[in-house]
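A.B. asks: What follows is each chain in one-letter form.
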Amino acid sequence: MKLKWLIFFLTIIITLFLFQNISSNERAFVVNIYMMNDERTEKLDGIYEGLKNLGYDLDLFEFHLFNAKDDRILLDEMIPSSLSTLPDLIVTLGGYETMELKKYLKNEQLNLPVIFVGIAATQEVGIVQGTLQPGEQISGITNHQTILSAKRLELLHTLVPTIEQTIVLYDSRLEVSKLSLEVVKTAANTLHIPIVVHDLATDSTLKQLETLSIPNGGLLTLPAYTIESSSEKIAQIAKKNNWYSMGIVLNDVKSGFLFSYGTSFYQQGYQSARFISKVYQGNLINELPIELPDSIELIINKKVKEHKGIVNEDLFPLATFYEMGSDN
Amino acid sequence: MKIFRLLEKTPIRNKVLTFGIIMSVVPVILISLYYLSFIQVELKDKISQNQLLVVQNLAYEMDQQFKEIDKKEILLYELMENNNEEAIYQFLKEEPSIEEVVVLTNEGTIQKSYHRFLLNDQNKGMHWKPWDTLLPIEGGKNSKVHFNEFEQPIIYSISTIQLNGEPCTIALTIQVQKLLGRIQSLHIENNELVYLIDEEQKIIAHQNVSQLSNHFSPTTNEKVVQFTAPIKENNWTLVLEQEKLFTYEPISQLINHSILVILILLLIVSIISIRAGMYFTEPIVVLKKAMGELKSNPSTRISHSVINRQDELGDLTNSFNEMSQAIQQKTLLLKKETEKLTTIIQGIQADFIFIEKQSIFHWLKCTTDNMEVKHLLEEELKKLLIDVEEINPLKNLVKKLLLDTTNQVYQFKLFPMFLEEDKDNYLVMIEDITESNNLEEKLIQADKLSALGMMASGFAHEVNNPLTIISVYTEDMLDQLQEEEGVEKVDLLAYLEKVEVNVKRCKKITTNLLNFSRPTNWVNEQIDLKTELENTLFLVEHELKRKKLTYSLELSEDRLFIQGDKWKFMQVIVNLLQNAIDASYIGSKISIKAFEQKEQIVIQIMDKGMGIPKEHQKKILDPFYTTKPQGKGTGLGLFITYHIIERFGGNMEFIPNKEKGTKVVLTFSKIKNELV
Numbered sequence: 020m021k022l023k024w025l026i027f028f029l030t031i032i033i034t035l036f037l038f039q040n041i042s043s044n045e046r047a048f049v050v051n052i053y054m055m056n057d058e059r060t061e062k063l064d065g066i067y068e069g070l071k072n073l074g075y076d077l078d079l080f081e082f083h084l085f086n087a088k089d090d091r092i093l094l095d096e097m098i099p100s101s102l103s104t105l106p107d108l109i110v111t112l113g114g115y116e117t118m119e120l121k122k123y124l125k126n127e128q129l130n131l132p133v134i135f136v137g138i139a140a141t142q143e144v145g146i147v148q149g150t151l152q153p154g155e156q157i158s159g160i161t162n163h164q165t166i167l168s169a170k171r172l173e174l175l176h177t178l179v180p181t182i183e184q185t186i187v188l189y190d191s192r193l194e195v196s197k198l199s200l201e202v203v204k205t206a207a208n209t210l211h212i213p214i215v216v217h218d219l220a221t222d223s224t225l226k227q228l229e230t231l232s233i234p235n236g237g238l239l240t241l242p243a244y245t246i247e248s249s250s251e252k253i254a255q256i257a258k259k260n261n262w263y264s265m266g267i268v269l270n271d272v273k274s275g276f277l278f279s280y281g282t283s284f285y286q287q288g289y290q291s292a293r294f295i296s297k298v299y300q301g302n303l304i305n306e307l308p309i310e311l312p313d314s315i316e317l318i319i320n321k322k323v324k325e326h327k328g329i330v331n332e333d334l335f336p337l338a339t340f341y342e343m344g345s346d347n
Numbered sequence: 002m003k004i005f006r007l008l009e010k011t012p013i014r015n016k017v018l019t020f021g022i023i024m025s026v027v028p029v030i031l032i033s034l035y036y037l038s039f040i041q042v043e044l045k046d047k048i049s050q051n052q053l054l055v056v057q058n059l060a061y062e063m064d065q066q067f068k069e070i071d072k073k074e075i076l077l078y079e080l081m082e083n084n085n086e087e088a089i090y091q092f093l094k095e096e097p098s099i100e101e102v103v104v105l106t107n108e109g110t111i112q113k114s115y116h117r118f119l120l121n122d123q124n125k126g127m128h129w130k131p132w133d134t135l136l137p138i139e140g141g142k143n144s145k146v147h148f149n150e151f152e153q154p155i156i157y158s159i160s161t162i163q164l165n166g167e168p169c170t171i172a173l174t175i176q177v178q179k180l181l182g183r184i185q186s187l188h189i190e191n192n193e194l195v196y197l198i199d200e201e202q203k204i205i206a207h208q209n210v211s212q213l214s215n216h217f218s219p220t221t222n223e224k225v226v227q228f229t230a231p232i233k234e235n236n237w238t239l240v241l242e243q244e245k246l247f248t249y250e251p252i253s254q255l256i257n258h259s260i261l262v263i264l265i266l267l268l269i270v271s272i273i274s275i276r277a278g279m280y281f282t283e284p285i286v287v288l289k290k291a292m293g294e295l296k297s298n299p300s301t302r303i304s305h306s307v308i309n310r311q312d313e314l315g316d317l318t319n320s321f322n323e324m325s326q327a328i329q330q331k332t333l334l335l336k337k338e339t340e341k342l343t344t345i346i347q348g349i350q351a352d353f354i355f356i357e358k359q360s361i362f363h364w365l366k367c368t369t370d371n372m373e374v375k376h377l378l379e380e381e382l383k384k385l386l387i388d389v390e391e392i393n394p395l396k397n398l399v400k401k402l403l404l405d406t407t408n409q410v411y412q413f414k415l416f417p418m419f420l421e422e423d424k425d426n427y428l429v430m431i432e433d434i435t436e437s438n439n440l441e442e443k444l445i446q447a448d449k450l451s452a453l454g455m456m457a458s459g460f461a462h463e464v465n466n467p468l469t470i471i472s473v474y475t476e477d478m479l480d481q482l483q484e485e486e487g488v489e490k491v492d493l494l495a496y497l498e499k500v501e502v503n504v505k506r507c508k509k510i511t512t513n514l515l516n517f518s519r520p521t522n523w524v525n526e527q528i529d530l531k532t533e534l535e536n537t538l539f540l541v542e543h544e545l546k547r548k549k550l551t552y553s554l555e556l557s558e559d560r561l562f563i564q565g566d567k568w569k570f571m572q573v574i575v576n577l578l579q580n581a582i583d584a585s586y587i588g589s590k591i592s593i594k595a596f597e598q599k600e601q602i603v604i605q606i607m608d609k610g611m612g613i614p615k616e617h618q619k620k621i622l623d624p625f626y627t628t629k630p631q632g633k634g635t636g637l638g639l640f641i642t643y644h645i646i647e648r649f650g651g652n653m654e655f656i657p658n659k660e661k662g663t664k665v666v667l668t669f670s671k672i673k674n675e676l677v
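Protein sequences appear in the order of chains A and B. In terms of our numbering, the first sequence opens at residue 20 and continues consecutively. In terms of our numbering, the second sequence opens at residue 2 and continues consecutively.
Chain B extracted, bound-state conformation (with noise of 0.2 Å):
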């Protein structure tokens, strides 16, 4: 397993060329070993052969020689029927080796002696001396080595034939000092030892002369070799002994010349090999260092004169250059995108966070230097990025945040940014919207005051009535406490009841007028619906009644709520039923529903009114945008309106009502866990 991981970490260069390397290798040593073993056992076969050959040539040649005066002899003996004399010089002629012949009695005395050295005749008469000793060998007529006067080397051969119808020995003294001499004297090349023995296994001619006249053993040396051959003429038996090392030396020079030619074979092959291997592997490395310059520098090109293929690989350097090409043009782009973004986010006044996965946090733009601020900054988005999973992650989410630390009022706006799977990254822009904010408030604040102005009179006489019916029953109880009579207890109670009812009237006016008006910041509570929208009602029912319009307010359920700021929630209430009060004709009816639909609150404020022209539908949320007259509106209720919704959360629209007029639908998040 190691060796695997560690074949993964090594360069493909590397690899090829080890493989290559090996694969040229290994089969030329393995088929080379093969064919060595196969070869050395038959070349050893047949050194071994040939050695005992080249014994038994010499072997033949000597015995062959032997048998020539065998036969000269059988010649000599026929002529001699005619003319000894001459068949004998005759044969001494043709037989250089042979140095006396001798006619012997049957007893040994010598009749006739013709020698080539000494005189013949001269022991005429004598008895023939070898004849005591003579042993003839068995089964032949040669006697075994003997040495002459002269001490070379002799052997004799007697032979008893008719000679004129009378028995006739004939013995021969044959010289075999040249025989012998020549066996002793043969150049044989390593370390060969060529020697002859005789029938009593004693060494009679041997290379080197010491060891003559020993006897002769087989070797018991493992490392010696021996090669016989009988020479049967005379039972001799020539004998060839080499060391093992030296019989097959030509085994050993085969090997190294083979080994060496193996070496060359093996280094020609590698060479090629690895010349492949460089070829096949270059460009691929020329690639790979090529891609990673191409990450530093995207104008990286593969020039044709280090790659020119025409392969698999040339189309892949050319893909390369194109990639690298465009690659450069992306950049380039990139580049000019990156400096316009990075322009316009200069001059942006915002702050631009990338949040990756929900935790980690990229300033891309930081226009603060207060730590603490960036600290709280981030632990706000990290709430608020939990909210993100439970409302819709698809949706941009913009949320105000007011730093209690530095009063100041920041505007997150998540966007969603969905690389690939992951759904955890956003693109966080926060904007520091205190000042639009407090804009927003006066603007607001004014809108306020401005409906406040419209409700005026109304609140005015709202308040009037009750006065009216307070000062009526004050008067008359003065009156009556004056007159001597004075005022009856329970007369007095039932004055004082209708002043207290006309008091708390007029408080509550006065308070929902004063809270209606004060400048608040946002709060978030619960809203409960139904309070808040009779309280709402209560503040224009003026205005309702001077129009003679009547309203019916229908809630689902009894207990609705949403959340956020009451006050906030009351104004929209406020501008949304003024504006349907405007539209609506005399004696109309506006209707007022909310109900759960889902997971929302949906509240709905339709009237019968003149409805919203199409030319003015896509203009009515615009800021100062009004279609009453100069100093009946100031055109920043629906878009204030609009504004708070959003706050809220939740969403406005306007929807044509089918009976004419107009229906408002707003929409708001239910609250999960209702505060009871």
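With the rest of the complex left out, here is chain A (with noise of 0.2 Å):
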């Protein structure tokens, strides 16, 4: 008798229990994540805080990750395969990948909404019909590249007075870059920097690049993710030529770069968390307008004492110092 008692007590607690579990069970919210490479992984991290921040359960979202590898065939492979069960929310990571989904989703008249995190020149490489209203659907955050390749290049002259000429590296395999190149050359106009461009394209090995003989130069190089994933040697080339280097984002400083200016990849992502909220919140992706960056950091390598009296320490109040080896 007291077993039956017990049992039923029992039953009555764990059934309360499940229907409170189920009630509060709800669907997540599907987000596939592309990237061409382990760069943009920061990106990522940018993402989850924000969202964090937002004050999001990380727990509402459900994250598929789609790393490319910097095999563009593997995206084209990735891509179809990864939406065959729809997301609620597609996130691009880079240029290259945010062009790749966009084409695949029109030929797939797939309406499904895309945000890209940190790209150059949206309007310019027609993912975007305008900042304000994009159309079609597709928004994000533009990392302001393409316009801030001109601030770089003064930047770049401001910090090293001295140098005579700067080489612009860029890929012309990619419009991003193309377009960079198109606002180095007018700000170089503007600024009277005598400029040398050169094409990755070109020079994949970076041999020729090796070989240039620019004494007193600098060395800018230009959005493409060619040219990021080549950070490292490039800055090496540099470091060789005596050449003043100046990248676009931390990681470039942290592969040996003297200066970057540019809002960094974990910002990126940090910011593009809003853009994940909106969305998650019912807006459509149409309607909300293409973001800059909240931020642009001006970072000087802590080597850049080595250039002590060449270097203009005027702008150093508006620069963080990255000593490399650390993570500070």
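Everything labelled a hint here was simulated from the structure, so no lab data went into it. Note that the coordinates shown come from a computational prediction; the quantities given were computed from them, not determined experimentally.
Cut-off 30 Å, straight-line C-alpha distance, at most; resulting in silico cross-link-like pairs (DSS-like, lysine-lysine):
#1 A:Lys71 with B:Lys245
#2 A:Lys71 with B:Lys47
#3 B:Lys505 with B:Lys549
Chain B residues, not near chain A, derived (Cβ > 12 Å throughout):
#4 Asn51
#5 Thr339
#6 Thr344
#7 Glu357
#8 Leu444
#9 Val464
#10 Pro467
#11 Glu498
#12 Ser557
#13 Lys615
Computed beta-carbon distance windows for the label pairs:
#14 A:Thr230 with B:Glu62: 53 to 59 Å
#15 A:Leu29 with B:Thr332: 49 to 55 Å
#16 B:Tyr280 with A:Ile32: 22 to 28 Å
#17 A:Leu84 with B:Asp122: 40 to 46 Å
#18 A:Ile32 with B:Lys10: 39 to 45 Å
We treat Cβ as the ideally placed atom computed from N, Cα and C, and that holds for glycine.
Hints are included, so try docking the two chains, each in its own frame, into the full complex.
C.D. replies: So, in structure tokens, the structure goes:
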């Protein structure tokens, strides 16, 4: 008799508990994230942190990560298979991934929202129609790299006024890179700064760059994922040739560049969390204007001390210093 | 009232269970309702306060950010005294939201500009475009929200400072994208909406981006609640809007959870209450059932495995078992007694009727199948019962009844049964005494004849005397008639009168004798005591004379009457007088008195004879008991006399006379309405 009562009460308690759990379980918001290489993983960290800062429990989301490992063919294969089960949102961490996905979605007539995290010249390359109203189902954070390329050139020359010529490294295979080059050329003209353009497309191994003889030169890299992935080698070449190198992001400085000016991958990811939040809340992606980065950082490699007297320290208050070999 | 009646009919178990459940459930519900309503109000206030706090916190955050910018701006201006560029770069670094710092002339021309995205000094010497359209906010120096060339939301801040003794206008372009973006992107649950409105009540940040630039108006929807907090720096207002359903959802959840908990609690309490009720009432139900079974089965017991208590119910169970055992024993005893009684009754040659309330007849035993006889008997009993009321309800009554239709004689013996307060119940024994009655009659007749026998010589003498006189006178008349002279008429008349008188005397004697000796059935009539006593004395006159006894007859009134058979009455008096004569000494006196005493007629026959010795007193009424020599008496006299007196409904008593002898006292009921 007592056992019956015990079983009876236990059943009630368990039923209530299960009921409670079932009722509180909601379907997770599915997000597919695409990246060309491991360099972009910092953006991912920024996304997670950004969402948490906005008050989200990450358990509300189901993230599916697709890393192409710099293999375009792999990316092409990955896209269709990853979309066999349609997600609620697509996030792309670079320009190339964004372009490819946009093409695929258009071909397949899939009406899925896409957020890009940190790509340059969105309007120019045709990703969006306008910044205020992107049109179609795509919006996101532009890293402003194209415009910033001009600013980088200015900063490089402000930091090292003694530079006589600046090598501008770009990749003509990438639209963004080409556009950035145009902006840099205009700025060079305005600022009366002589530049030497070097195309990675014709010098994929960078042997030619290495052998360039430009004394008192500066090196400016333009946005291209191909250049991104070779930043360490480029930094070595710059050091070897005593060139003052200006990169795009912190990673470049970590690789050995003297300077970088831009928004970090982490910040881009962090900022893009706002877009993810808005879509999650039910806003239409095509109503969300493209955003410029919230913050731009000037990162100076501490190695610059070796160039004391040459580098203009007036800009130092603007900069954040990075010591190689550490996480600071 | 109906409810109370219904309540009375409801089994106790149901009452206890219902009461227990009600007393468990009702207080819990009432208390819960009270606290829930109380808590609801409190919680509502708290939630509202909380929501207000949330929006105030957010507003405060934003306010602080602008205040930070202001502080740094002041620092900037101080630092610019020493080194413009360094100060500006430092300011730009410390304040990421500043997009541009422009040093302007008083006319709005760009002297120097430091831009985060674009080339510095790009528009140096040119008119600063916002200068014309800028409308500083009254009371502050921040503008309303504008959009830059990249369509990002910005606000301008203009300050005029003294730099190295010269007035200097510094303009800042503050990027509010992040600030507004955060508002628009905040993850707020439960259908909350947070948005920002500027001083013109225009929405500048909204979680639903389609609402941007719309005008804000306070809601009139009663289902929606709004909480606002000002951002004083820019005269903005932060609004938190939510449907009341969601705002106070914690209350609903609390109520739901509370209801769930209460339901569980009620369930538990009800179960406990039911269990307790069952525990307390089960013994009562068991007892009730056992009581019901006890009616048909006296061996019913309640096992201690069914009710095992040490409390009052345990005591009750023990008492029940004891009672049941006692009942069983008594039932067994009763059964035995009943069997005994039944055997006795069956053995008794008589019918038994139990009369309930004087009108309901229960035949316990009926030896006759004749319904007519039964009906007649019942009718007679009913009549008798009426008499019983009138006579003496406490005395066992014996009545004889002769049925004309069958010539059978039944004797009723009524035994009153006082069952508690009910005095109208009787047990009636009906005996068919036809044979014994006939026998009795024969005995009476035998006694009569015996008495007659004893009186025979007396009668003969009595008859002889008048006959002798008649003989003498007739002889004389014959003689005279034979003589020639004849008989004188006067003398003839005288002789004939004498003859007539003596003939009448003889007739009287013979008539009395005949009447006395004739066997008769009981005839109930009014008996004139004076007449019958005189007649009786006449019958025994000779015996009296023989023993030279004197007698006296005293009646208190000339007209004293009793009810009964006069010949039987005469027989009684004859027997008693005969006994008195036999007991009296020669020359003694016998006195007879009759008088009324209360509601009775008393007849006393006293003699001064030898009396009744003590050793004989108890046996004198026994049949065939006599102290006379053999052949002198049958021993039936007093036996018959007693039975006749019984039939009269009277009483006979032998009292020793004070002066010696015997006094016999006969008592009869007085007739209520005397027939005249």
